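There are 2 protein chains.
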Amino acid sequence: MIDQTRLPNEVVWIECRTTEEVAEAIEALRVRGAPAIGVAAGYALALAALNSSARDRDGWRSDLDRAAARLRQTRPTAVSLFRALDHVLQAADAADSVADGQRRVLAASEALAHQDRRVNEQIGLHGAALIPARAHILTHCNTGALATVEHGTALGIIRTAHRQGKQIHVWVDETRPALQGARLTAWELLAAGIPHTIIVDGLAAFLMRRGEIDLVIVGADRIAANGDVANKVGTYSLAVLARAHGLPFYVAAPLSTVDPQIERGVDIPLEERSPDEVRTIRGIPVAPAASPALNLAFDVTPAELVTAIVTEAGIARAPYNRSLAELAAAAVHEESVSRP
Amino acid sequence: MIDQTRLPNEVVWIECRTTEEVAEAIEALRVRGAPAIGVAAGYALALAALNSSARDRDGWRSDLDRAAARLRQTRPTAVSLFRALDHVLQAADAADSVADGQRRVLAASEALAHQDRRVNEQIGLHGAALIPARAHILTHCNTGALATVEHGTALGIIRTAHRQGKQIHVWVDETRPALQGARLTAWELLAAGIPHTIIVDGLAAFLMRRGEIDLVIVGADRIAANGDVANKVGTYSLAVLARAHGLPFYVAAPLSTVDPQIERGVDIPLEERSPDEVRTIRGIPVAPAASPALNLAFDVTPAELVTAIVTEAGIARAPYNRSLAELAAAAVHEESVSRP
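Chains as they are written, first to last, in our numbering: chain A, 1 to 340; chain B, 1 to 340.
Chain A on its own, in the form it takes in the complex (with noise of 0.2 Å):
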């Protein structure tokens, strides 16, 4: 994987060949974004299943959940990781041997990644029709192919739409604490030639103000069977700043980041980092050492201020409780009659 914090100096690619490898990469942010970290605990729990000294199939069966237990301690808000592990530990269930369990796990963890691929085209898809011809783009955060295996979430609409032709322009917030925004989503663009322009997270409002952005889109690490959505910290404020100024906030995630568990966001779990990562940029200091900061990685935005969330499945509208619960319903069937 590229490691997305020497991002956009140096693009370093790390190999990780260990569950406990990947389990600090995703905790470093390393690797980062709801579904990328959902592929990646589904990989490393791969490896725990093909680095198993065990000779039996229970001995490898406990050794599965061990690593599986480590994964869980990584991060606490996306829901993908915990989705990730149950649908690869699913697959372990099934095997009859340990080289059995082994194909059947490793055939899991990729069909993780081919699902988030073809997942994040169809986002793409849906949420490009609500993109007008010409378009002044607010995002937040990285929700690209960095995010994700390919292409993205709401930064994939971007690229749909782009890919279509239509004449795109994105603010970039560069996303404080860690500035996924201005690190990697200013280089995907870059990359995919998007026209962009990097701004400190206190700007957003004012350009709203001088009408100088149509609408909002960003990602999200859970979805509460409301439609409430957690996602990358500042991303409440936008909501209620696009709320204010008349402006559409879309939510894109795949369906997976819905869940079903949790009835309202209030009950979502709320990562919260180090100090360090507000009182330093980059390993330089930038607040005295000696003041406390708070470091909430997530906040929670309430469905009402989410005019719609694009799925691999088509358009969600309130009330969300009904039409997610719908569009679930309707992406198992098709799964279950495209399947041999």
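Just so you know, these hints were derived from the structure itself, not from any lab.
Just so it is clear, the structure is predicted and the values come from calculations on it, not from any experiment.
Keep in mind that the hints are not guaranteed to be accurate.
[Unchecked claim] Facing chain B, a subset of chain A residues (Cβ under 7 Å, in silico):
{"id": "1", "residue": "S52"}
{"id": "2", "residue": "A128"}
{"id": "3", "residue": "R176"}
{"id": "4", "residue": "W187"}
{"id": "5", "residue": "L190"}
{"id": "6", "residue": "I199"}
{"id": "7", "residue": "G234"}
{"id": "8", "residue": "L241"}
Note that CB positions come from ideal geometry on N, CA and C, so glycine has one too.
With the hints as your guide, set chain B onto chain A.
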């Protein structure tokens, strides 16, 4: 003066011996904050007055004009800089010789510094009356002793309220791109022993939603006659968010910040600075060098979002056209009465 670009890591004092050195210090943000750059500009004219090699009054006066023209080019938004220059030049006009002029110019620039001290104490007292006995206060940028001669404007109110025994906790917006909140406000609060927590700018809205902010206080670089407020980028965002969450949004500034020549905020010149201040942090690249960035240093908050403006002569409320003019008239009257 303290070189504010080196804070909080190092406290480095620099000595400016020429007008040009002060002008460069203002441009490079070594000294910043509307009141502080006003006073610095006044002293920079005094340096021109003392350094002039002209032998006759008219030549000397022309040197002052050239120095003032240079200083007017430094930063366009804060009106205090222009007012300070006008004030000192007016004192020079009354001179009947070079030596007399030098005395008058030095006295006028020192008067600006003395006045700023007195004004900030008064703003602190008026504003502290607005602060509840226990309050979580959000502030933006730096409006403290570093931004003034002493005490501060918005931060001066917080200092005064804390001195009065009120239980204050300050949420410090880091204030990208120049990080005046994280670097300077946190440093001042730490030194003053006032409890505080640094946050990224994008987190403020979610803390409001969670009920963890009681009120917002900011400073101002220029206030239009109608009460529209130009201040550090990110201020307008906070004003919209405060309104959306039902929180008071206060502005603290000397009456000299009000520019009666400017009727509405849209006419205030807003400084645009180098995109490299967004693309790099302390010299380290945090974005692709080829990606455009927009670095608007200020924004404008419309008067209808401002709960009150705290000045040295009292608290102005809407309609600001009238209340600000009344306070200005009262202040002029009081000043003329209190003179010997």
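Structure-based check of all given hints:
1. S52: Hint violated; S52 (chain A) Cβ to chain B Cβ min 41 Å, cut 7 Å.
2. A128: Interface hint status for A128 (chain A): violated (23 Å vs cutoff 7 Å).
3. R176: 4 Å, holds
4. W187: Holds. Min distance 5 Å.
5. L190: 5 Å, holds
6. I199: This hint holds: I199 (chain A) lies near chain B, its Cβ roughly 5 Å from the closest one there, short of 7 Å.
7. G234: It holds, given that the least Cβ distance between G234 (chain A) and chain B is near 3 Å, below 7 Å.
8. L241: Nearest chain B Cβ about 6 Å off; hint holds.
In summary, the numbered hints that this structure violates are 1 and 2.
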